[in-house]
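Enquirer: Residue strings, one per chain:
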Amino acid sequence: MKSRITKAIVALVVVAGFSACKKNDSSNLTKGEYILTLTPIASTGVADYLVNVPSLNEGSVTTQGNGQEQDGTYRYYLTHKGKFFSMLYGQGNPGAVTAYNNQNGLLTKLTNFQTETVQAFAPVSDDILLTKIPRTINPAGTLIPYYQVSTNSLQIAKEGTLDAMAPGNNGEIAHFSWLQQVGDKVFAPFFPIKNGSFDSDHHDQAYIAVYSYPGMALEKTIRDDRTSFIGRYFVNGLGVVENGDVYAFSASVSSTTDLIGETKVKRLTDTKPAAITRVLSGTTEFDQNYYFNVEAASGNYYVTNWIYVGGNKFVAHVLPKAEKGAYAAGKELAIVDVSAKTVTMVTGMPGKASISSLSVNNFTPKDGTAYIGVNLTTGGGYVYKINAGNATATQGIKVESGTITAVQYLANQ
Amino acid sequence: MKIKNILLSGVLFTFHLLSFAQNTASISGQVKDEAGQTLPGVSIRLQNTNQVTITDDDGAYKFSSIAAGTHTFQVIAIGFAKQNREVTLAPGQNSILNIKLKASVGQLADVTVTGRTAVKEVNRQAFNVTAIDATKLYNTTLDVSGALDKVAGVRVRESGGVGSDFNLSLNGFSGNHVKYFIDGIPMDNFGSSFQINNIPINIAERIEVYKGVVPMWLGSDALGGAINIVTGDRYRNFIDVSYSFGSFNTHRSVLNTAVTTKKGFTVQLNAFQNYSDNNYKVTIDAADIYTGAFAPSATLRRFHDTYHNESIIANVGLVNKKFADKLLLGITLGQNYKEIQTGARMEAVFGGWHRRGRTIMPTLKYKKTDLIKGLDVTLNANYNIGYDQNIDTVNARFDWYGNRKPNGSNGERSRTHYKYRNNPVLVTTMANYKLSEKHSIAVSNVFTMFNRKGSDELNPASPELEDVKKSNKNVLGVGYNYDVEDKWSAAVFGRLINLHNTSGTSNNSSKNNLNKIGYGLASTYFINKNLQAKASYELTNRMPNAEEIFGDVENLEGNPNLKPESSNNINLGFIYNFKLNDINRFSITANGVYRHATNFIFTRYNQNQQKLIADNKDGVSTIGADGEVRYSFKNWLLAGASVTYQYLKNLQKYDFDNISGQYYTNVSPLYLNQMPNIPHLFANADLSVSLKDVGRKGNHLTLGSNLLFVDQFWLYWPSEGSRDASANKRGIPTQVSIDANAVYSLKNGRYNIAFEAKNITDARLVDNFSLQKPSRGFYLNLRYFLNK
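Protein chains in written order, with the working numbering: chain V, 1 to 413; chain R, 1001 to 1788.
In case anyone wonders, no lab produced these hints; they're calculated from the structure.
Be careful, since some hints might not be right.
Only pairs whose alpha carbons sit at most 35 Å apart, straight line, appear in this in silico DSBU-like list of lysine-lysine [claimed, not checked]:
1. V:Lys158 - R:Lys1729
2. R:Lys1511 - V:Lys109
3. R:Lys1511 - V:Lys83
4. V:Lys81 - R:Lys1729
5. R:Lys1281 - V:Lys352
6. V:Lys324 - R:Lys1563
7. R:Lys1692 - V:Lys385
8. R:Lys1487 - V:Lys352
9. R:Lys1617 - V:Lys324
10. R:Lys1487 - V:Lys266
11. R:Lys1563 - V:Lys352
12. V:Lys266 - R:Lys1511
13. V:Lys185 - R:Lys1405
14. V:Lys109 - R:Lys1419
15. V:Lys264 - R:Lys1453
Chain R regions said to be covered by chain V (calculated; three or more residues, Cβ under 8 Å) [unchecked claim]:
16. 1240 to 1249
17. 1341 to 1352
18. 1378 to 1390
19. 1397 to 1409
20. 1715 to 1724
Idealized CB from N, CA, C, for every residue including glycine.
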């Protein structure tokens, strides 16, 4: 009888022992003042991992056993006034703003509060300004809710709504491509969209809505018919240089949809070339004396994104005109000198065929260099340091696996 | 030749309804001891045949169709002298034979447990199956999913309180890998008013849990296992009514009743209702919707989580007739209302969004054993004309304090009032023929149709409403059984599944036709009377279901190109019963499982991360084991413990790059890693004490408690991200929950009063994405049961 009990106990212990597998908690949490946001490979619907690293120029990093998980599935970032803001893009679900500071080389959460999901946001004075842009026209009023979140109190200092139909005044919604503080005003370049789609009946027209701050009164809409709309969906098409002049790029990607038989066919409608225009410091009109035809200067490339690195130079993501699309993103980099009106392709980058994507939310110390994430088709990638002076790229920190979505800097507290 | 004929008659059985039923009779009765107490679990064997029946809780038995003539019935029960009774039956006669057994105290040691209850009978199958005796849980407030959660290998993950979404995992397979049946009929069609999270346990007589290999007669394309709820027809005339109320304004009532005339006309009615405010406390990082003021770890009550459902199942028909053991026409009616408090994460809180559902389902059930000698046939059909509604019409944003802030005109998520019908039709047919005492063959066929049509009064022009969403599926199974009773048995089976989908716009629809063949083998061997071994292998296929193909209108986007999933399943199990003496009895069960699934169907976020979408992963393998020990001391103490371990491994070697639209060229760092968000170690323990004749004779008191343990696990890939405390890796912490209950039964179970305390220690229980489950709650349950 006793042996039976023994057998029974042995059986149970075997099952229990089988279950008690080792958990290896080897922590290799890296620390530093630079932040890489990495989307893990084989994403299971988790937002990017936030990884602090000590340097962008050397070493390697992985999300395996490293980095902080975030809440939600899709996030956008900006750094302002010593704080790192992570905006949850919740689509129909509520969005959120999560703020961190850098304590001893690690991002430390300060707040996390719900907002609407926002489509355009930017640092403005001591705040971050967030806007939610509607995609359907409501006869009772089509409104753009905005929030001004104080970087000091980390609370909503002011909120209100803007009339989405007023800036365009053409029966279509003014969809802000991005927001940019210019002096004491907010410039909101936009593209018009029809009710319930991203199509427009308008093309070959640039628009910037000019708002006061913090009052958010629409002061005027400035227009230019030498280019199409400024920026692109979720892309800042404006850059403010040292003397306060504002440069604006257009990718010339307005589109509409035709019904051919039973099938809907999307069609690009702009006829003007991709180009750069200017608003002089202190004015609210396009400078008619400045026009920079990017396609002509580059051998038929166009800009899909850019970052201002100082000295009238931008590091731009560019694509051949033949690969034009409303959301197509450049896999090559070029130095755009807005005063010399030149476009110089960056050398030292990996071959275009081996690149999956380039990060679009990048860091520049404004010294003529920028740090840009290069995601390879292998599943890993590198941060490259781009020198605008000689248009060369230098390989920096290696990312073992994962997609770099942002490269940021935040000083320790 | 014979087999051919039989197969033919199996398929065309409806033509045989009357022609072969002339020369049979039936016999029924009740078995009692000398004191007049009814004896459940008594085995009655019709000698010289393989027919055996077991008396039910009231000592009743029935042989419904046996050949006319003279028969000997052998009656065996533990502790009683064996009896042989000879009876002569005339054709068409419904004979009654009541039996009184004499105690045989001296021979007790020689008599082994041969009389088995239906629950134990199920466990003796060749399949890896666990049966829950639901009758033992009638005095609790459990629903079916709550009862399942106590089974080794099973984990029911709920997202909240009464009526909340659930995801049952069985040996690591979950969601649509596991299929639900009620009396062998797939429940896919039943609608939201009739699911395992709202069916009270009292509807069931027992619940069978098939792990891995699913028997052929449960004709379906289950891949990870199956749950079969057996309602049974235990009593011809009875009433069972219960009502419970408790914390969070929770009210539940259940009415089960049946009236059957001597001539076999029967009316059966099951009705039940659940209501709860679900306003339990949760701990959450809250923020004021107007100011953004942040309050980490605030304790707040849920405020928009009311759930209620009301369901009726009514059947009218004939039982125990020559042409049918059962011919029932019925209707299932149900409705439910569900407020949605949160999204997939508790941070996303809602205050107006809700859903409503309605089930209106006519049903037909037919069953006849020995239609011709040895041939049993079953036919079931139903059609659900009910509908569901998704209602998001409040243009406001809410915070956890219940504050409400207008947010324009787009609803809380997406302004909608979508009302839709899936129009599901189900027909199952099944024929089983016993060639001889040892050989039998069976054929089963399950045919389902799905055709979704809907309208949205707020977005009447939405082009999605025009799309064709049709899916027809047929599962044909053939099986052969060899059975030497109490020695060994084996089953070989094959399945052919056909799926035909139509999707796209009405002018430009695309059709997709898929065929898959599966097969398997299951066997059991009795090493001795107390030790049974089981082994099975199966190649099984799961077709994408209609919701995966067309979306669920809520959070799941359709994927018409989803491929069927295939899996090789191997199961191994042992059951060992022994006793130290007549006082201390033990039962030990141990199971092991190995799976290798290809084109594993899982859900991921879609391109814009707006919704989930079902997709195929190259492969996933599972290795798992579970064990259970039960102990009884005399007749009054019962204790048990079970533990489950499972490890799911990712076999996707190359991951897909959404940006480039190609596979990455490096081997994924997650290849061969443990799959995320799946509990891997959990355990249950229970203890109960039954005291007879407390207060007065016939009044019984049962005290019990239950403990649930779930080891911590990670929400996302375990190897991704730092586990350093400062990195806040998102996981589900180790959970321990303790429930206790006391049941006082009067007049041998006619009146019952039960008191339950759930989550006594008020532990913070969480499941998916940290969605918190109810805090401590108390419930009182009153039940009346009468059987004539």
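Enquirer: If a hint holds in the structure, say so; if it doesn't, say that too.
Expert: The hints, checked one at a time:
In summary, the hint linking lysine 158 of chain V to lysine 1729 of chain R is supported, as the alpha carbons are separated by about 33 Å, within the 35 Å threshold. A C-alpha spacing of about 51 Å is found between lysine 1511 of chain R and lysine 109 of chain V, which places the hinted pair above 35 Å, so the restraint is violated. Between lysine 1511 of chain R and lysine 83 of chain V, the direct Cα distance comes to roughly 54 Å. Violation of the 35 Å bound is thereby established for this hinted pair. Taking the CA atoms of lysine 81 of chain V and lysine 1729 of chain R, the gap is about 27 Å. The hint holds against a cut of 35 Å.
About 55 Å separates the Cα atoms of lysine 1281 of chain R and lysine 352 of chain V, which puts this hinted pair outside 35 Å; it is violated. At most 35 Å may separate the alpha-carbon atoms for a hinted pair to count; lysine 324 of chain V and lysine 1563 of chain R meet this at roughly 34 Å. This hinted pair does not check out: lysine 1692 of chain R and lysine 385 of chain V have alpha carbons roughly 82 Å apart, beyond 35 Å. Under the criterion of a C-alpha separation no larger than 35 Å, the hint pairing lysine 1487 of chain R with lysine 352 of chain V is inconsistent with the structure, at around 69 Å.
At most 35 Å may separate the alpha-carbon atoms for a hinted pair to count; lysine 1617 of chain R and lysine 324 of chain V meet this at roughly 33 Å. Pair hint lysine 1487 of chain R plus lysine 266 of chain V does not hold up; C-alpha atoms about 71 Å apart against a cutoff of 35 Å. Only pairs whose Cα atoms come within 35 Å are accepted, and lysine 1563 of chain R paired with lysine 352 of chain V is accepted, the gap being roughly 33 Å. Distance restraint check for lysine 266 of chain V and lysine 1511 of chain R: the Cα-Cα separation of roughly 26 Å lies within the 35 Å cut-off, and the hinted pair is therefore satisfied.
Distance restraint check for lysine 185 of chain V and lysine 1405 of chain R: the Cα-Cα separation of roughly 28 Å lies within the 35 Å cut-off, and the hinted pair is therefore satisfied. At most 35 Å may separate the alpha-carbon atoms for a hinted pair to count; lysine 109 of chain V and lysine 1419 of chain R exceed this at roughly 42 Å. With a C-alpha separation of about 23 Å, the suggested pairing of lysine 264 of chain V with lysine 1453 of chain R holds against the 35 Å cut-off. For a cut-off of 8 Å, the count of residues in the stretch 1240 to 1249 of chain R with a CB near a CB of chain V stands at 0, and the three-residue condition is violated.
Coverage of the stretch 1341 to 1352 of chain R by chain V holds. Counting CB-CB distances below 8 Å, 5 residues qualify, and the rule asks for three or more. Check result for the stretch 1378 to 1390 of chain R against chain V: violated, 0 residues qualifying (beta carbon to beta carbon below 8 Å, three or more required). Counting residues of the stretch 1397 to 1409 of chain R whose beta-carbon sits less than 8 Å from any beta-carbon of chain V gives 5, enough to reach three: the coverage restraint holds. Remark: the stretch 1715 to 1724 of chain R is confirmed as covered by chain V, as 9 of its residues place a Cβ nearer than 8 Å to a Cβ of that chain, reaching the required three.
This entry does not satisfy hints 2, 3, 5, 7, 8, 10, 14, 16 and 18, going by the numbered hints stated previously.
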